[in-house]
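Each chain, letter by letter, is given below.
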Amino acid sequence: KAGVTQTPRYLIKTRGQQVTLSCSPISGHRSVSWYQQTPGQGLQFLFEYFSETQRNKGNFPGRFSGRQFSNSRSEMNVSTLELGDSALYLCASSLPGLSLNTGELFFGEGSRLTVL
Amino acid sequence: GENVEQHPSTLSVQEGDSAVIKCTYSDSASNYFPWYKQELGKRPQLIIDIRSNVGEKKDQRIAVTLNKTAKHFSLHITETQPEDSAVYFCATKYYGGSQGNLIFGKGTKLSVKP
Chain A
1 KAGVTQTPRY
11 LIKTRGQQVT
21 LSCSPISGHR
31 SVSWYQQTPG
41 QGLQFLFEYF
51 SETQRNKGNF
61 PGRFSGRQFS
71 NSRSEMNVST
81 LELGDSALYL
91 CASSLPGLSL
101 NTGELFFGEG
111 SRLTVL
Chain B
1 GENVEQHPST
11 LSVQEGDSAV
21 IKCTYSDSAS
31 NYFPWYKQEL
41 GKRPQLIIDI
51 RSNVGEKKDQ
61 RIAVTLNKTA
71 KHFSLHITET
81 QPEDSAVYFC
91 ATKYYGGSQG
101 NLIFGKGTKL
111 SVKP
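Protein sequences appear in the order of chains A and B. Going by the numbering used here, the first sequence opens with residue 1, and the numbers climb by one from there. Going by the numbering used here, the second sequence opens with residue 1, and the numbers climb by one from there.
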């Protein structure tokens, strides 16, 4: 089974621009979560999508948005980029969990964004 | 919301020694506690997890313990090997949203010296 695929792997943008990152989950996984990873801050939760609906959202400004398509693929968008947005953006997919289901996250390799 | 604190941020041990990483959480409703390992340049991967109805779980050289009363859980690695060198993240499943999402600690960089 193919793993979680993220594109692009690397990108460089300048302040004020916007960026769109893409994530294809493992086949059959319907939940997609996005995390921002920066040195010293660990993995910070951005949002989670399930069946094209945002179920949870972390504490990030409205410049960060996302969506999920009917085939479970997901995109996240960051508008008006700031220097502090430079990070590794990780996407993770999981099977939807019942109350007793742990819902292990399977991560992609990430999209490394550099904002100049 | 949920707050997960992880200590230490860096840990260096000699090969063969044990390593312990501790995490505390704030929300008593959290009921699932996984640990992820991220090797340099690679994606995080689940190595062990524990549910709130269990106090301890072992898998070969790694174990996790949970103290719900004190709201802390720990990762124990025995007989460390150079390939254990990585960043380890603890997490809790926080149910602030409808279905819950994983909140991660800031990570512990473990270095195992041969």
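For the record, the hints were derived by calculation from the structure and aren't laboratory data. Hints may be right or wrong, so weigh each one.
Within a straight-line C-alpha distance of at most 25 Å, the following computed BS3-like cross-link-like pairs (lysine-lysine) qualify [stated by the list, open to error]: (1) A:Lys57 to B:Lys58; (2) B:Lys106 to B:Lys37; (3) B:Lys42 to B:Lys109; (4) A:Lys57 to B:Lys113; (5) B:Lys71 to B:Lys42; (6) A:Lys13 to B:Lys37.
Because the structure is a prediction, the values reported are computed rather than measured.
Verification of the hints:
1. A C-alpha spacing of about 33 Å is found between Lys57 of chain A and Lys58 of chain B, which places the hinted pair above 25 Å, so the restraint is violated.
2. For the given pair, Lys106 of chain B sits about 12 Å from Lys37 of chain B by alpha-carbon distance, which is consistent with the 25 Å threshold.
3. Our distance criterion of 25 Å between C-alpha atoms is met by Lys42 of chain B and Lys109 of chain B, whose separation comes to about 14 Å.
4. Simply put, Lys57 of chain A and Lys113 of chain B have alpha-carbon atoms about 40 Å apart, too far for the 25 Å limit, and the pair is violated.
5. Using a Cα cut-off of 25 Å, the hinted pair Lys71 of chain B and Lys42 of chain B is violated, with the two alpha carbons roughly 30 Å apart.
6. Straight-line distance between C-alpha atoms of Lys13 of chain A and Lys37 of chain B comes to about 30 Å, which puts the hinted pair past the 25 Å bound.
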